[in-house]
Amino acid sequence: MEFTILHLYPDCMSLYGEYANLAVLRRHLAAMGVSVTVETALFEDTPPFDRADFIYMGAGTERTQKAALAALLPHKEALRAAVDRGAVALFTGNAMELLGKSITEEESGKVWPCLGLADFTTEEVVYQVQGDVVARTSLWGSFVVGFMNKRSETYGVTTPLFGLVERGPGNAGDGGPEEGYVDGNVFATHLTGPILVKNPDFVDFLIRRIFELKGWALPEALPVLPYEREAYAVTLKELADQDADNPPGPYLQG
Amino acid sequence: MRLFLAVILCKALRFIGGLIGKGSSLPGQFALKVCPDALGRVRLPAHIIAVTGSNGKTSTVEMIAAILTASGKRVVYNKEGSNQIEGVATLILSNCTLGGRVKGDVLLLESDERYARHTFQWFHPTHFVITNLYRDQLTRNGHPEWVYDAVKAAIHPDTTLVLNADDPLVSCFARGHDPDKVKWFGLDECSVSTKEHHGVYHDGARCPVCKGRMEYSCYHYAHIGHYACPHCGHRRHDADFSVTALDLEGGTLTINGETRISLAFKSIYNVYNILAAWSVCALAGADKGTMAGVINNYILKNGRMITFTLGKHHGTLLTSKHENSVAYDTNLAYIAATGKPCTVLVIVDAISRKYFTGETSWLWDIDFDRLNAPHIGRVMLYGKYCNDLAVRFKYSQVPADKIDMGGDIREAAALLADHGDEDVYVVTCFSDRDKLLEHVARR
Ligand SMILES: [Zn+2]
Numbered sequence: 001m002e003f004t005i006l007h008l009y010p011d012c013m014s015l016y017g018e019y020a021n022l023a024v025l026r027r028h029l030a031a032m033g034v035s036v037t038v039e040t041a042l043f044e045d046t047p048p049f050d051r052a053d054f055i056y057m058g059a060g061t062e063r064t065q066k067a068a069l070a071a072l073l074p075h076k077e078a079l080r081a082a083v084d085r086g087a088v089a090l091f092t093g094n095a096m097e098l099l100g101k102s103i104t105e106e107e108s109g110k111v112w113p114c115l116g117l118a119d120f121t122t123e124e125v126v127y128q129v130q131g132d133v134v135a136r137t138s139l140w141g142s143f144v145v146g147f148m149n150k151r152s153e154t155y156g157v158t159t160p161l162f163g164l165v166e167r168g169p170g171n172a173g174d175g176g177p178e179e180g181y182v183d184g185n186v187f188a189t190h191l192t193g194p195i196l197v198k199n200p201d202f203v204d205f206l207i208r209r210i211f212e213l214k215g216w217a218l219p220e221a222l223p224v225l226p227y228e229r230e231a232y233a234v235t236l237k238e239l240a241d242q243d244a245d246n247p248p249g250p251y252l253q254g
Numbered sequence: 255m256r257l258f259l260a261v262i263l264c265k266a267l268r269f270i271g272g273l274i275g276k277g278s279s280l281p282g283q284f285a286l287k288v289c290p291d292a293l294g295r296v297r298l299p300a301h302i303i304a305v306t307g308s309n310g311k312t313s314t315v316e317m318i319a320a321i322l323t324a325s326g327k328r329v330v331y332n333k334e335g336s337n338q339i340e341g342v343a344t345l346i347l348s349n350c351t352l353g354g355r356v357k358g359d360v361l362l363l364e365s366d367e368r369y370a371r372h373t374f375q376w377f378h379p380t381h382f383v384i385t386n387l388y389r390d391q392l393t394r395n396g397h398p399e400w401v402y403d404a405v406k407a408a409i410h411p412d413t414t415l416v417l418n419a420d421d422p423l424v425s426c427f428a429r430g431h432d433p434d435k436v437k438w439f440g441l442d443e444c445s446v447s448t449k450e451h452h453g454v455y456h457d458g459a460r461c462p463v464c465k466g467r468m469e470y471s472c473y474h475y476a477h478i479g480h481y482a483c484p485h486c487g488h489r490r491h492d493a494d495f496s497v498t499a500l501d502l503e504g505g506t507l508t509i510n511g512e513t514r515i516s517l518a519f520k521s522i523y524n525v526y527n528i529l530a531a532w533s534v535c536a537l538a539g540a541d542k543g544t545m546a547g548v549i550n551n552y553i554l555k556n557g558r559m560i561t562f563t564l565g566k567h568h569g570t571l572l573t574s575k576h577e578n579s580v581a582y583d584t585n586l587a588y589i590a591a592t593g594k595p596c597t598v599l600v601i602v603d604a605i606s607r608k609y610f611t612g613e614t615s616w617l618w619d620i621d622f623d624r625l626n627a628p629h630i631g632r633v634m635l636y637g638k639y640c641n642d643l644a645v646r647f648k649y650s651q652v653p654a655d656k657i658d659m660g661g662d663i664r665e666a667a668a669l670l671a672d673h674g675d676e677d678v679y680v681v682t683c684f685s686d687r688d689k690l691l692e693h694v695a696r697r
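Going down the list, the sequences are from chains A and B. Reminder that position 104 of the first sequence reads as 104 in our numbering, one-by-one numbering, no gaps. For any residue, its number in our numbering is found by taking its place in the second sequence, counting from 1, and adding 254.
Just so you know, the hints here were simulated from the structure itself, not pulled from any lab data. Since the structure is predicted, the reported quantities are computational estimates derived from the model, not experimental observations. Don't take each hint at face value.
Only pairs whose alpha carbons sit at most 25 Å apart, straight line, appear in this in silico PhoX-like list of lysine-lysine [what the hints assert, rightly or not]:
| hint | chain 1 | residue 1 | chain 2 | residue 2 |
| --- | --- | --- | --- | --- |
| 1 | B | 608 | B | 689 |
| 2 | B | 689 | B | 638 |
| 3 | B | 520 | B | 333 |
| 4 | B | 608 | B | 638 |
| 5 | B | 327 | B | 542 |
| 6 | A | 76 | A | 110 |
| 7 | B | 608 | B | 333 |
| 8 | A | 214 | A | 76 |
| 9 | A | 66 | B | 406 |
| 10 | B | 327 | B | 357 |
| 11 | A | 110 | B | 406 |
| 12 | B | 435 | B | 542 |
| 13 | A | 237 | B | 638 |
| 14 | B | 608 | B | 520 |
| 15 | B | 689 | A | 237 |
| 16 | A | 237 | B | 608 |
| 17 | B | 520 | A | 237 |
| 18 | B | 357 | B | 265 |
Take the sequences, apply the hints, and build the full model.
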């Protein structure tokens with residue numbers, strides 16, 4: 001079983017330790033006997049989408065994000081073809097915004113046309129949209145935990161990855177009821193950093209999807225690596241304790 | 255009249271605050287209510303020095319104060335590190351005459367990166383020292399380019415900028431600023447310089463101006479070094495104040511090829527703090543002899559390093575800052591350089607003392623590989639987020655059999671009290687350090 005991960009722009013779209021997402025995915029796959037190769041592409045490269053099974057991009061500063069957009073736009077058909085062929089794509093942090101139709105700058109009003117793989121649009125704002133997030137998804141059973149840190153609001157997502165944000169901001173900023181984007185094997189969330197490290201069930205979900213797409217036989221039990229689930233439980237409990245007296249919590253009982 | 259009342263009120267509250275040991279920003283906060291433009295009305299000293307940046311602000315400010323005081327100047331500065339506008343107002347108004355004149359030759363301010371704009375809407379510094387910009391408390395501050403934009407908005411065209419030439423982002427502050435009003439400090443290529451970048455992430459990989467690939471002829475640490483962008487020409491500026499030779503192990507540095515300084519604290523970060531202080535003090539008229547006299551073997555009194563005994567162990571607590579990988583890396587490098595058999599205790603219990611967050615992404619930015627050294631026999635991971643630490647360490651080069659993971663900090667203290675006699679280094683944040691210190695005997 002051979003598997004190729006393509007990490008887009010790891011030298012700079014890596015603001016919150018995003019490399020850990022691929023490190024943890026790689027280790028889980030390796031524990032299942034999958035031989036994983038990680039390739040990287042920088043702005044100057046033509047990303048090898050044709051041989052990628054998994055495509056990942058993390059967050060950058062707004063200015064770096066625009067440079068990433070400029071680098072990726074000429075290759076959008078190759079990215080689309082890879083996804084159509086069954087490659088899984090995961091874009092986290094403000095890399096998610098690139099998948100949509102456009103990003104509009106706050107002060108200048110300048111519109112940056114994006115990849116157009118999804119229908120949503122993003123508007124940059126002058127304030128910081130940040131906070132610890134707890135959300136639900138219909139894709140797996142447990143709550144999602146993470147942190148959002150952005151200066152933008154995303155509108156027009158009809159298929160959110162996390163359908164109900166219990167705590168923290170969502171796509172449309174503070175009070176947004178939903179977060180992220182999913183369509184087939186394209187996954188995006190504005191949660192930053194090592195979202196897969198923080199959510200072992202997200203890793204397991206992706207592994208099931210990967211095995212299905214590759215036509216590999218899934219073992220009865222997926223590997224459980226030490227401390228990951230314990231760390232998740234502590235984070236969720238801490239957040240629930242914070243919210244015990246504040247609506248809409250406590251979601252642990254919900 | 256309102257200014258007069260504000261000054262009186264500030265002094266009175268400050269006096270009462272001093273008696274009951276209350277915070278330093280409250281008097282200024284009330285005074286600004288009485289006279290909102292008080293900071294625009296007071297008569298300020300001829301020299302107003304502000305210091306900002308991600309790391310080293312407090313140390314640099316302390317050093318500047320010591321040098322200028324030794325130079326015979328009366329320095330008014332915010333010792334308490336209360337660096338937002340209310341704290342600055344407290345400082346200024348409580349050091350005013352009733353006529354509204356600040357009693358001093360130099361006003362010296364440690365300025366919060368994000369709030370400098372609010373403080374400096376009423377007056378502006380004559381000299382603005384910007385030490386460095388890196389990832390620091392991203393949950394609260396956001397990323398370094400947000401901080402850059404916030405500081406940029408605080409810069410007045412008449413201010414002389416004193417910039418770290420070796421930081422490519424800090425160097426951008428000179429863009430569009432009168433070149434006669436920019437002074438640079440930097441470190442020549444020297445014994446600590448490397449050709450390769452070291453660290454988990456590289457925020458200098460891309461040019462901050464054009465996002466092209468940056469080229470470095472050498473690195474001093476992190477993204478600090480000698481850089482040049484082949485695409486847009488953004489490059490390290492020649493320094494007006496240079497460390498021309500550095501022997502970190504021996505603990506000496508030379509400034510501008512002529513003044514030798516002994517280092518009490520042998521860290522590259524201390525070198526930059528000294529150089530920043532030297533630069534602005536020279537610009538403020540201090541003479542070399544006085545500056546060298548003060549900085550030689552200068553020992554910081556900020557209490558970030560605490561020594562103690564616990565059982566048979568000699569312990570040293572190195573205060574890092576959670577959510578600040580550079581602060582952690584500083585301390586990890588210090589431990590790695592000791593060379594004597596030791597145990598390292600890392601504690602992450604409350605991520606901040608000021609606000610709640612469960613965000614642990616920053617653990618992945620810390621270069622824990624530095625603890626993979628033969629003399630470090632054991633690494634103990636404790637506190638509420640010990641599992642997150644343990645996951646992180648599984649992706650480090652530290653061998654699994656050296657890791658001891660526990661939870662409760664009391665257990666860590668009890669374990670150490672009962673077993674062993676090797677040196678112990680504790681790496682943790684202000685938010686967590688007292689949880690260990692209550693179990694030890696301070697030395
Ligand atoms: Zn450039």
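Right, here's what the structure says about each hint:
no.: 1; hint: B/608 to B/689; verdict: 16 Å, holds
no.: 2; hint: B/689 to B/638; verdict: 12 Å, holds
no.: 3; hint: B/520 to B/333; verdict: 24 Å, holds
no.: 4; hint: B/608 to B/638; verdict: 17 Å, holds
no.: 5; hint: B/327 to B/542; verdict: 15 Å, holds
no.: 6; hint: A/76 to A/110; verdict: 21 Å, holds
no.: 7; hint: B/608 to B/333; verdict: 20 Å, holds
no.: 8; hint: A/214 to A/76; verdict: 23 Å, holds
no.: 9; hint: A/66 to B/406; verdict: 21 Å, holds
no.: 10; hint: B/327 to B/357; verdict: 11 Å, holds
no.: 11; hint: A/110 to B/406; verdict: 21 Å, holds
no.: 12; hint: B/435 to B/542; verdict: 22 Å, holds
no.: 13; hint: A/237 to B/638; verdict: 11 Å, holds
no.: 14; hint: B/608 to B/520; verdict: 31 Å, violated
no.: 15; hint: B/689 to A/237; verdict: 21 Å, holds
no.: 16; hint: A/237 to B/608; verdict: 20 Å, holds
no.: 17; hint: B/520 to A/237; verdict: 42 Å, violated
no.: 18; hint: B/357 to B/265; verdict: 13 Å, holds
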